[in-house]
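Peer 1: Those protein sequence lines, which keep their order, are chains A and B.
In terms of the numbering used here, the first sequence opens at residue 2 and continues consecutively.
In terms of the numbering used here, the second sequence opens at residue 1387 and continues consecutively.
Keep in mind that a hint or two might mislead.
Chain A stretches covered by chain B per the calculated footprint, using a threshold of three residues with CB under 8 angstroms from any CB of chain B [to be verified]:
| # | segment |
| --- | --- |
| 1 | 134-140 |
| 2 | 153-166 |
| 3 | 224-230 |
| 4 | 342-352 |
Keep in mind that the hints were calculated from the coordinates and are not lab data.
Even for Gly, the Cβ is constructed at its ideal location relative to N, Cα and C.
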Amino acid sequence: MANIIPTMIRKFANPKVISSLPAATVARRTHFTYVADKEAPVDGPTTKMNMFQAINNGLDLALEVDQSALLFGEDVAFGGVFRCSINLQKKYGADRVFNTPLCEQGIAGFAIGVANAGATAIAEIQFADYIMPAFDQIVNEAAKMRYRSGNLFDCGSLTIRAPCGAVGHGALYHSQSPEAYFAHTPGLKIVIPRGPNKAKGLLLACIKEKDPCLIFEPKTLYRAAVEEVPVAPYECQIGKADILRSGADVTLVGWGTQVHVLLETADMAKKELGVNAEVIDLVSILPWDKETICNSVKKTGRVIIAHEAPKTSGFGAELAATIQEACFLHLEAPVQRVTGWDTPFPHVYEPFYLPDKYRCLDAIKKVIKY
Amino acid sequence: MALIRNSLKIVRDITLRSSIRYSSTNFDPDPQGENLGTTRFPGANAPFVGTPSLLKPNQVHPIPIYRVMDRSGDIQDPSQDPNLSRDIVEKMFRDMVLLNTMDKILYESQRQGRISFYMTNFGEEASHIGSAAALDPNDLVYGQYREAGVLVWRGYTISDFIDQCYGNDEDQGRGKQMPVHYGSRKLNFITISSPLATQMPQAVGAAYAFKRQPNNHRIVICYFGEGAASEGDAHAAFNFAATLDCPVILFCRNNGFAISTPSKEQYKGDGIAGRGPAYGIATIRVDGTDTFAVYNGTKLAREYALKNNKPVILEAMAYRVGHHSTSDDSTAYRSSQEVEVWNSVEHPISKLKNYMLKKGWWSEEEETTYVKSIRKQILSQISLSEKKPKPDWREMFHDVYHDMPQHLKEQLAEMEEHVAKYKQHYPLQNFKA
């Protein structure tokens, strides 16, 4: 599949080209401000890392402890188009960190086979938008292998990483958030980190997990998200949501980059409306933390779910339906979903497409007034 | 590369005979091109030529079909006789007859509504047994669904087969898949799944993992039909196997049909073997009705794959004598006269039988006694398997994940409560309590 963004970056990296352009043309508008984790997930020495460095560090630690672990995908050998695998081939050899032919169904199928043989497979799909050719291997094969064989065989040592989400200018095929497609598949585990700490901990958890895991990494955070990350290996629990800010008036649920939009929205709501919002990072899409979400909603009586992916059958629909089922008597207002529109992800219209802080704030106004 | 060069040489020979103009310009390095220096394109290593010409598919000779034994069971070239012991050949023959007998009975039992589905192996027994015999029992097998003979050879029992088809409590697959979706950890046979060709890149991945193990002595074999070879996953598997140097035999059963689609509507090239050189893969085509040709071909492929850490494409030519499955009536798309030829003189079992008769290793009486005893075993197993309860219905929720997550625990509890309330509406008597 085409990988347009790094080529664009390389082109514009030429200072002559850049200096010949008016500044406004290259200025990047981001729809969020990164909020670093308040505390490290585990004790011990930390280092400042951005998200690609934290992932690189996680991969490094995984390859170091597990001699069977393999890292592969398109352009992984030279460090990856997002630098996540940088220096790893040099360190662990070309038989453990290597390029595959350009074929997603092959990458996923190959990875399942590696895992069948008991080795650890860490596969990369260059953009989550290009995971679709591997859909059959992931949904019909990886997810069902343990079940259909009566536990004779499994591919539990398989992890697939894929950069996802909006990036400012990624348009239709460098922006998608396909988590809901996979959330409909029993047998998979799906996680989405909100920053470096979470990315490293979730990655190491996925690699160790005895079920096939998908980890969707919001690509806009690779460089933008910087925080203190523990140097030692650690794991973040799959299936556990994080309450990032507590509040009593409304529950805001999101994941990935959207968490940072919601944190900013919560600041605005406090300042402009005097509303105390509880902000929850769902972290794990499958299985998801029903208990944490429902406890929060029972407390606040109001809930807004926000995600970049389109609304219809987005994962917000699953949350909304379950909240309605489990918290019916506690709800003071209808469950709100602030999401991408039911259109393909557009290029120049991205600012109008995303569920930004103003749309989220407006939803808070609606549920408070209801 | 060697194969490509050979085929180019063949083309050159043809063109030499047919046209002087072609021979002077077509495939020899062009003097003008050489003056321009050596080629520097990273994508191919080839000489320049000065005239454009299309390499047409018919300019490449078809890959020949390796055969050891003719239809009367005579070895054509004594140097090719694998000289297998009487015990081995007798096991080959008995296993083929067992598979054939079991197929006939289970096919009928589906017709009587006793099992929900079945697929026979008629006409392809030699591909299964010949290849399985040439492998090490530790070699890992990925199959499509018409390779039950490989399991027979490795020791999967009549009860293993029939319990799976009934999905009863003795089924190793726990009654979760349709009949003929066998699997065995003990016998290194990865559980079959219905989506075609998905097993192919998986087999390549497993072979890669084997290769990395110290003193590796295992290869992977992956079976698939010529129809499945049209799937994208087949392309992925061929290309990954070649570029990543994987010790895997990609074994194609080319039986002429994918359900109703004849192979001439499946591809236009030289079968599946013809694709091997294009991927840079060592390739062999064998007579899939000749047990010894399949055996020798697989043995050669295994040695090559293990020694060089490289893949082999093996195409076994055969004919699907039976219907595609119990849901198919093949008379709707082919003549019964055509089928009859492959069911008699060209049938793998009759060929091996002729060989054994000539050796004095087998007789009609022995066969009658053997088939009779096998039939008896299969029929009594059917009545046993039929009576065995299905697993506890709660197993429906097991093995989705390694550990049951909370939401599945809740759904299990919900169904338990429901079943307790409405038990008269569910076939609980058929399931283990």
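Peer 1: All the hints need checking, so say for each whether the structure fits it.
Peer 2: Going down the list of hints, with the structure as the test:
For the segment 134-140 of chain A, the stated coverage by chain B holds: 3 residues have a C-beta nearer than 8 angstroms to a C-beta of that chain, and at least 3 were required. Here the segment 153-166 of chain A counts 4 residues with a CB under 8 angstroms from a CB of chain B, which clears the bar of 3, and the coverage holds. Chain B is given as covering the segment 224-230 of chain A, and this is violated because 0 residues of the stretch bring a CB closer than 8 angstroms to a CB of that chain, at least three being needed. Check on the segment 342-352 of chain A: 0 of its residues sit with their Cβ under 8 angstroms from a Cβ of chain B, so the three-residue criterion for coverage is violated.
This entry does not satisfy hints 3, 4, going by the numbered hints stated previously.
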